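> One letter stands for each residue in the lines below.
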Amino acid sequence: MMHFEYHVEGGNFTKAGAASSQLKKILKQLNVDPKIIKRIVVALYEAEVNIVAHAFEGDIFIDIDTEKIGIKLVDQGPGIADIELAMQKGYSTASPSVREMGFGAGMGLPNIKNNSDELKITSQVNIGTTVELVTYLNQ
Amino acid sequence: MKIREVVELLNAKVVSGQALLDAEVEYCFASDLMSDVLTVETDNLMLLTGLANLQTIRTSEMSDISKIIFVRKKKATDEMIKLAAENEMILIECDYSMFKTSGILYKSGLKPVY
Ligand SMILES: Nc1ncnc2c1ncn2[C@@H]1O[C@H](COP(=O)(O)OP(=O)(O)OP(=O)(O)O)[C@@H](O)[C@H]1O
Ligand SMILES: [Mg+2]
Numbered sequence: 001m002m003h004f005e006y007h008v009e010g011g012n013f014t015k016a017g018a019a020s021s022q023l024k025k026i027l028k029q030l031n032v033d034p035k036i037i038k039r040i041v042v043a044l045y046e047a048e049v050n051i052v053a054h055a056f057e058g059d060i061f062i063d064i065d066t067e068k069i070g071i072k073l074v075d076q077g078p079g080i081a082d083i084e085l086a087m088q089k090g091y092s093t094a095s096p097s098v099r100e101m102g103f104g105a106g107m108g109l110p111n112i113k114n115n116s117d118e119l120k121i122t123s124q125v126n127i128g129t130t131v132e133l134v135t136y137l138n139q
Numbered sequence: 001m002k003i004r005e006v007v008e009l010l011n012a013k014v015v016s017g018q019a020l021l022d023a024e025v026e027y028c029f030a031s032d033l034m035s036d037v038l039t040v041e042t043d044n045l046m047l048l049t050g051l052a053n054l055q056t057i058r059t060s061e062m063s064d065i066s067k068i069i070f071v072r073k074k075k076a077t078d079e080m081i082k083l084a085a086e087n088e089m090i091l092i093e094c095d096y097s098m099f100k101t102s103g104i105l106y107k108s109g110l111k112p113v114y
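Residue numbers (the working numbering), protein chains in the order written: chain G, 1 to 139; chain S, 1 to 114.
What the hints contain is simulated information worked out from the structure, not anything from laboratory work.
Nothing here was measured: the structure is a model prediction, and the numbers come from that model.
Glycine included, C-beta positions come from ideal geometry on N, C-alpha and C.
A couple of the hints might just be wrong.
The calculated label-pair distances, taken between Cβ atoms and stated as ranges, are [claimed, not checked]:
1. Met1/G <-> Gly109/S: 46 to 52 angstroms
2. Glu86/S <-> Leu85/G: 35 to 41 angstroms
3. Glu67/G <-> Glu24/S: 45 to 51 angstroms
4. Phe4/G <-> Glu86/S: 16 to 22 angstroms
5. Asn114/G <-> Asn11/S: 19 to 25 angstroms
6. Asp22/S <-> Phe4/G: 34 to 40 angstroms
7. Ser97/S <-> Asp33/G: 36 to 42 angstroms
8. Glu5/G <-> Gly109/S: 43 to 49 angstroms
9. Leu21/S <-> Asn126/G: 50 to 56 angstroms
10. Asp59/G <-> Glu86/S: 21 to 27 angstroms
If we take Cβ atoms under 8 angstroms as the criterion, some of the chain S residues that face chain G in the derived model are [claimed, not checked]:
11. Asn11
12. Leu33
13. Ser35
14. Leu38
15. Leu51
16. Asn53
17. Leu54
18. Gln55
19. Glu61
Start from the sequences and build out the full structure, keeping to the hints where you can.
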């Protein structure tokens with residue numbers, strides 16, 4: 001059982017992906033199947049970039065055991081008023097500066113769903129958003 | 001086709017990762033949108049993009065992409081080159097437009113992902 005935590009700064013695109021990159025290195029060392037590594041880090045990266053793009057700051061908590069990886073991202077930010085709407089492909093409120101960085105197509109949340117085995121999103125407007133995902137290692 | 005041939009066809013310049021010049025490429029994906037790149041599931045992909053920033057490299061790292069061509073005269077920064085080197089990627093700069101680059105590579109046999 002391993003536990004990791006990372007802090008994420010909102011708005012700072014130069015650091016976006018640092019946590020995902022660390023997790024990728026750890027999973028490689030643990031000899032996890034590359035296809036599963038890709039699923040996990042793509043999902044985490046999308047969620048990490050969402051904190052950078054849409055929230056003020058956040059923390060990432062990762063738990064790895066022999067059968068699964070659980071990731072929880074807790075942010076302080078504007079929250080999501082309508083999660084069902086936000087989950088739809090193409091829905092985005094990204095700012096022009098986020099779009100300049102190559103994001104803001106409204107593809108992230110659907111892609112997180114596609115790349116995880118369990119996904120739970122909870123949010124409170126003007127407080128923040130929590131994204132929890134689980135990926136099983138042996139399948 | 002080998003990356004070496006890609007570089008010749010495009011009259012392009014390798015700015016990092018010369019060691020990969022003899023690696024094989026089969027599939028290519030062209031996009032300026034990192035959100036799009038992250039949805040592609042094909043392995044061993046070469047990325048063609050006009051977006052030259054750190055997130056291009058990060059996105060490629062997460063997507064297991066180790067070959068990147070920057071089109072439209074976009075240049076890789078020192079920071080990008082450093083991160084690419086850490087991840088054993090080859091970075092190529094090309095002066096042609098996305099359309100011309102894609103056309104040349106498609107005609108010479110590189111495959112699209114869909
Ligand atoms: N952590 C968050 N805090 C506040 N709003 C969020 C958060 N994550 C997502 N959203 C909202 O949900 C929308 C859709 O998110 P999604 O990740 O699918 O697309 P995007 O981030 O806008 O673009 P892309 O992910 O394609 O770069 C966002 O535009 C934003 O309005
Ligand atoms: Mg997103």
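> Which hint numbers does the structure go against, in order from smallest to largest?
Structure breaks hints 3, 5, 11.
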